[in-house]
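With the hints as a guide, dock the two chains, each given alone in a separate frame, to form the complex.
Each chain, letter by letter, is given below.
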Amino acid sequence: MLAVVSLMWSQSSHSFDLGGFLEGMAKPPPQSQPAKKPAPQQAAPQEQPAQQGDGGLLGLGESLGIFDRKTSRILKKSVGAVQAFQPIGLKEEKAIGGSLALEVFHRFGGMYKNAALQNYVNLVGKSVAEVSDRPEIDYHFAVLNTDNPNAFATPGGYVFVSVGLLRMLQNEAQLAGVLGHEIAHITKKHALQTLQRSKVLSGLGGLTMAAMDKDEALFDQVINQVSDILFTRGLDKNLEFEADKFGMEYAYRMGYYPAGLRDFVKILGQSSSQESSIFFSTHPSPSARIQALDRLLPRYKGAGLYPILARRYQSTVKGQL
Amino acid sequence: MTPKNNIFSVERTLSLLLILLLFGLCFASDSFAATLYVKKSGTKLQAAESAKSKVIAKLDQGTPVSVIKKSRRFYQVSAPGGKKGWIFKFKLTAKAPVNSGGGGGGGLLGALGGRQKIAARESSSGSSIRGLSPMSKKHAKNKGISEEEIQSVKQMEAFHVNPQEMEKFLKEGQLGEYGQ
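So the protein sequences, as listed, match chains A and B. Numbering-wise, the working numbering puts 123 at position 123 of the first sequence, and it's gapless, one number per residue. Numbers in the working numbering are just positions in the second sequence, counted from 1, shifted up by 1000.
So that you can see chain B by itself, here it is in the shape it has in the complex (with noise of 0.2 Å):
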């Protein structure tokens, strides 16, 4: 039997397997839940939809979710280890974490090359990087900016606002997880 007359051929062959792997990815998990990723590490899980409700867990940015169920502003989900709870809906993503699955060297994307780098470049610590390098300060100085204004910028880095005033904020202003 020749290929062309095979109605086995190889590329029907491999069309097939194909769809039925991206058919198998599809069903890997129990459910049919959408899964959503968390936007920001200490990202709160909690009993109810409910702001007041008790903090079950706080997740890491990246942590895969899977939606149970939705409200007007929060979302029940599982997480992994089996915890299950509600998130405010927009502090999580559609989109995957850039470095998630990526792994080593392996598989096509790892051929890429580019992926990884970008990964890596992205994934530095914001609150561990100050703007004003050596050279800001070096650049600063042949422009002429004062040291008031160094100091400025420095005092603007530094600011920080207390969790129990933000949440006092937004609590009394009926914003974010305390929204109606």
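Bound-form chain A, shown alone (with noise of 0.2 Å):
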């Protein structure tokens, strides 16, 4: 507060320099050197800076005299570039994984018609859902249908599993590091990241439920879109790789020993249903994702004990199937 009001009553002839002056505080000053001009600010290459009126303090600071052109032209170029990103709001987000929960269903053989089943993995998936990043929206989960091993998240919070990949598992442990990774999907917003980086989106400025219920192709080409990376391409291996190490840490917090899902993965790497399953189209290699599961693994060295439950996994699932 103090600093803005002295700059605000700075005299005119001292044409304060702003963004020479943050750029002096944020790096040291080379000793014995004259002061050298600040460098000229580049957008990062995605960033279209919006050129709009910024109105408020710019607006008033460049009037008053305070910030000469060069600091004012900075400043609005930065605030352009934050107007050009708006994320893709959470109603938008739940209509998008709504749409895409669907094609699930549609797609990997419905929905497994056992409640004891559907409660147990509500249980385990919710309660690592508690625990993450973005614990306040609501997550839901289904057992999907089909004997190929399969896991999706859609975003919005809609997680599957499906019955051939629940045979896999062999504790509560595995389980619970195979939802965290696809609740960190979700919470990492992967799919929608991925999406606003793509054709379907350029050139617009956020993506609103009122533009895509005015343009019904638009929704349209955002579901394919997101179907095709989900269900063929698959994500960008950086993201999936991200997805394992903050499903560990998920599962993890919640007091599962953190390799379950290292564990799932040397299974899944090990077993014959290769070509059914979507994880070895759509992830990196199992031996690849072990590695960086391996790699992991010593920070949580003091979790070695932590409980798989496999009786109680055995008892809930095996009896179900």
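You may find that some hints are simply not true.
The list that follows gives simulated cross-link-like pairs (lysine to aspartate or glutamate, DMTMM-like), each with its CA atoms no further than 20 Å apart [claimed, not checked]:
1. K1095(B) to D133(A)
2. K1143(B) to E136(A)
3. K113(A) to E1147(B)
4. K1058(B) to E136(A)
5. K189(A) to D133(A)
6. K1044(B) to D138(A)
7. K318(A) to D263(A)
In short, the hints are calculated from the structure, not lab data. For clarity, every value in this text was computed on a predicted model and none was experimentally measured.
Following this line, the structure appears as structure tokens:
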């Protein structure tokens, strides 16, 4: 507050260079050298700063002569960059995720009709979601009626695992790791990030319910694009590694043996269901994933004796399949 | 005296003022306690570092708390209103809520505009939003998705876990607040 007041009362004859001042604060000045002119600001490649009126303090600052023209240009570019990046809101995210949930049921066998199994997967999934980085949204879990080992997450909190995958797992810690991985895709908004970078949304300032309502073709394109990502091409491999990292972390936070996910990926790698599982076409290889997960395990060395809950898993799941 | 020769030049004075301001902010609280924020509404503030202890209060999402002490899985905190208690540490985050301290249009951050819009778009209550909007249903119809599949998504969304059942599940598994 004092700094702002000081800025406003500085005499115009001193023409304070805020942009240079901020850059000078950030970098230590080289010793015994005269002060250099600050390097010109460059926007990141994907940023399209909007040329809009900025109003607020920027306009006031310029009219009072507090910011010189160069500083004002720098600040306007920053404002534009922020305004160009309108993240997809929760309402829109759930509309997209709900439509994709329909696609998942349609393509992968529908819902497996067993209330006890649905209940159990929801208990494990919702408990892991509670300690995730985005616990405030509603998460929904369902079991798919297919023998192929598959798991999916769609934006807005929809998570699916197949009966085939549940048959492969040996304990609850492994289930927690798998669900943690899918939850991480949602907490980190991987599908939405990928969608925002795609051609479908290029030229748009944002994606709103109003825009999608008005333009049915736009909504169709959005759903088709994300379907392609989730079911065919797969997400960028770095995003899969990130989901593994946070899947392991979330399971650990809930108190599960953290290597459950790693153990599942090992089982998957040894399985003969490789051709029928979407994991192999849309994820990094099991060996690459195991290597990456093994590198992370030392940070959890105090959790070696955390529960795996094999008995609870076997009695609940195997009894229902 | 010219500005160049004056050790109390405007730039130096402003630099000093800014440093003092930042320094003052660091020392603003009574103690040097870290401030964390509650991740989700309904988070329990408990009398002791145990899931079985009495619940003193339930805190809303975004509530700032000052950490007094840390144990293996719980933090002792001071909450607004002077309440003190223990919270399971993974229910807290160092990340301030998006719309905290944003205020109206004032402040340099307010001038950026986008931050306020982001806060508004992200703040919608998840429980009041359902994915199967009329738009989703129309899209589904065009894609040949069956009524049974639509009902499956609705069933998925409507499924709620009984809180007592969740407590029993965590307790028996020694998970979450019941972890050893």
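query: Looking at the structure, which of the earlier hints fail to hold?
result: 2
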